[in-house]
Structures are given as structure tokens and as C-alpha cells.
Amino acid sequence: MKLTLRVWRQRAADTEGAMSTYEVDDISPDMSFLEMLDTLNEDLILRGEDPVAFDHDCREGICGACSLVINGDAHGPERTTTCQLHMRSFADGDTIDVEPWRASAFPVIKDLVVDRSAFDRIIQAGGYITAPTGSAPEAHATAVPKPDADLAFEHAECIGCGACVAACPNGAAMLFTSAKVNHLNVLPQGAPERETRVLDMVARMDEEGFGGCTLAGECATACPKGIPLVSITHMNKEWLRATRKAGKR
Amino acid sequence: MARAVWDSSVGKKTVMAVSGLIMLAYLVVHMLGNLKIFFGSAEFNGYAHWLRTLGEPFLHHEWALWIVRVVLVAAVVAHATAAYQLSRRDIRARPTKYVHTRRRASYATRTMRWGGVILGLFIVWHILDLTTGTVHPNGFQSGHPYQNVIDTFSTWYGNVIYLVAMLALGLHIRHGFWSAAQTLGAGSRTRDRALKAIANALALVLTLGFVSVPVAVMTGVVS
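Respectively, the protein sequence lines represent chains R and E.
For the first sequence, the working numbering begins at 1 and goes up steadily by one.
For the second sequence, the working numbering begins at 1001 and goes up steadily by one.
Hints were generated in silico from the structure; no laboratory data involved.
Check before you lean on any hint, since a few could be wrong.
[Claimed, not checked] With a cut-off of at most 27 Å between alpha-carbon atoms, the simulated DSSO-like pairs for lysine-lysine come out as follows: (1) R:LYS237 x E:LYS1196; (2) R:LYS146 x R:LYS237; (3) R:LYS110 x E:LYS1196; (4) R:LYS237 x R:LYS248.
Make a model of the complete structure from these sequences and hints.
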């Protein structure tokens, strides 16, 4: 396959960036999108140019490191991570636009790499449970009803990639935060911090400069792990409950 | 607690949801009242007069009406202020647009902000036209709403403003009602289709109900 890439190039966080056009040739349809970018970078290095910086780690769709807005879609046209997106999703001769996640809470560090540590700070605000560390507890000591376990697992699938923020017209982190809140709030292990978790994580989310939810639904469409939009509804419910309880104290 | 609610983006959305639902409930009653125009001037004017005597003798003359007005103004102000502040936050959160863009969310979702502005301006015109009579064409007659309504819808601009505003209202309710349910935590996987159906039904019934009055005046059904 022969492709034309238009890639966002930005030397550093405080410099202006622009789209640069590159031609790539001999691309196999079986390559992943990141392998295609590796091919471009090898070429750039051989020509003595600066390779395109992009985030990646496990390359098996479970770590949440890869990002990229491809032709306007977070993680590209398939509902998966960029590392699991294959070039067969494109046609020979296509022009592909590659941009970084866009949100003021995710500033660009270089080229396609953005700083997602705002997510870490949201997790620090309440994405934990109080449990003694050391030896693992007996697995059957705390019974979890099957529907609750399923719901917790569904939300635990969130890999924190930030596609929800990138896709949201408001740069909101509601789907990410709701996935983390619901994952722990539905479990007995998360019960002691049930109220403080949702209040603190939502407050942190606001402080980080993420936008608000207008229920456009773009986040849930972009999510490679299929976190549903109703997750936000559940978090709203938890937030209202916690606010009422905090008011009574 | 009020401070904590107003300072949070989720809390401000709650304020929007509650104030929006208050206004929506009022609109249902308002639309049903408007339909009395099809039963002639005596019944329509009589209904308007009854609204002023509502609650008597427990309430003083027109007090019920004023209570409704105060609640509605509070709802409009809260709704608009929260919307303005949340919109500012949203725009700040996404300062850079994507080079490669496509239309995504539904028309109703994308037009919430400008639709809201249109509705706000409409309310101002609507009150100046048919409540105070300040901008009313052809001499406003207090106590004769039937004739006032016909006067307004006998002008081309009265019809245009009203029809545009009612279309905006339908779109606003279509996304707004469902969103309010999500914000208040009332949505769920099993209830989603029902909530969307109620939102669409409310939008359609209210728009058609309101629009039927100017259409009736234009076609001469009401004169």
C-alpha cells in the first residue's frame, strides 16, 4: 500500500505546531497503524530527519498508552486501540490525518504525545480502596453478587487511554471518571470510600480543567473498551447521593 | 451544600436539569391552555381571567400567577447562568479544534446552546408582545387575549419568530429531557428507550400544540 500521511508535528510543548505531509510506501495491510508509523520513522531517521514522536507500550490493546486521532476519530475508524488498528482498514492511496488528543487538560509534549497525568491525579483523588497489603485475602471471604461483579468488571476494563476526552466536543473526562468510580463503588471492597470517592474524583476532574458533559455520546462511541454512556448516569446518581449524605453531616 | 453543588460541573448540570424540568412542566400546562383558543373567544378569555382568580380566596387576586412567574424567572435565570458558565468551561477545555473534522452528535445535541439563546430571546419578545403589550402590533387590549393573539399572528414577523422559536423548543426538549434524566441519575440501560421515546413525544406534542395556534390564525380557522 502507498499512503499519504498528514501528521501533526510540534517540536515542544511551548512551540507552534503544524500538519506535515509524508508519503509512505510498501505498507502491508497486515501491519498495525503503529507499525506503519514505525516504517515512516525508520525512513525519517535514514533521511536524517526527526522521527514522529507517539506513545505506545504493550501493543496488544490493554495498556492504554497509544492514542492518536486518525481522520478525526480517536483510535481511528475501528472500535479498538490504535495498536490493534490494522492498515487493512484503509485503502491504497488514502490520505490519512494523524493528530494528537486535543484537550487543554492534555497538553501536547511533542508531536503526537500528550501529557495525560491529569488522569493519574483523578485516580489519586479516589481511585483506590482501603485494604491491608501483604498476603491476598481469602477469595470467598467477601461475597459479591454476580450482577455487581459483572458491572464492576465492565467498568474495570477502562485502560485510561483518554479517547473519551479526545472525542468529547467539550474535552470532558466524565466517561473515564465514571468508569473508575463505578468500578469501585459497586463492590463491597470500595464501600468505605463510596461517597468521598465520587466527590473527590469529580472535584479533581473539574480542577484539572476538563469540560462538562453535554451527553453528546461521542466518548462511548470512541471508547476502545466499550464503557457505556450510562456509566456517566450512574456516576451522576452516586454524586447526588454522596452530596445529599455530605449535607446531612 | 448549595455551594458544593454550584461549584461542581455535575452540580451545575443538576441545577440545569431541575430548572429545565420545571420549565417543561409549565410548558405542558401552557400549551394545553393555549388550545382553548379553538373553543372561541369567550372560553379563551374566560380561562385567562380564571388564571388570575386561581387560588382565591386563600390567595389574593393574581397571587397564584405571580408565584408561577417568580418560580419561572428563577428557573430561567438559573438555567441560563449554569448553561453560560458550563459552556465557558467546555470551550476552555477544548481550545484546539481537530484539523480533520466530521459532524457527529445529532442536530438537537449540537444546537442546544444556540437554541437556548433563541429561546431566551423569544421569551423576552413573547412577554413584551402578549403580557405587557409593549411591542404588540395593532393596540394591546388588556383582558382580551383572544384578540391580542390574533393580532400577533396576523403579522408576518409574529408568525416567523414564533415558528422558529417553537422548532428550537422541540429540538431543545428532545435532547434536554433525556439529558436531564441522565443528569439526575434516572437513566438506565433498560429505561433508555422509554426515556428517549418520552423526550421525542414531549418535543413533538409541545411543538405541534404551540404551532397549531398561529397556523389556525393564518388559515382563518381562528379569527
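Status of the hints after comparison with the structure:
no., hint, verdict
1, R:LYS237 x E:LYS1196, "19 Å, holds"
2, R:LYS146 x R:LYS237, "21 Å, holds"
3, R:LYS110 x E:LYS1196, "43 Å, violated"
4, R:LYS237 x R:LYS248, "17 Å, holds"
The structure fails hint 3 only (numbered hints given earlier).
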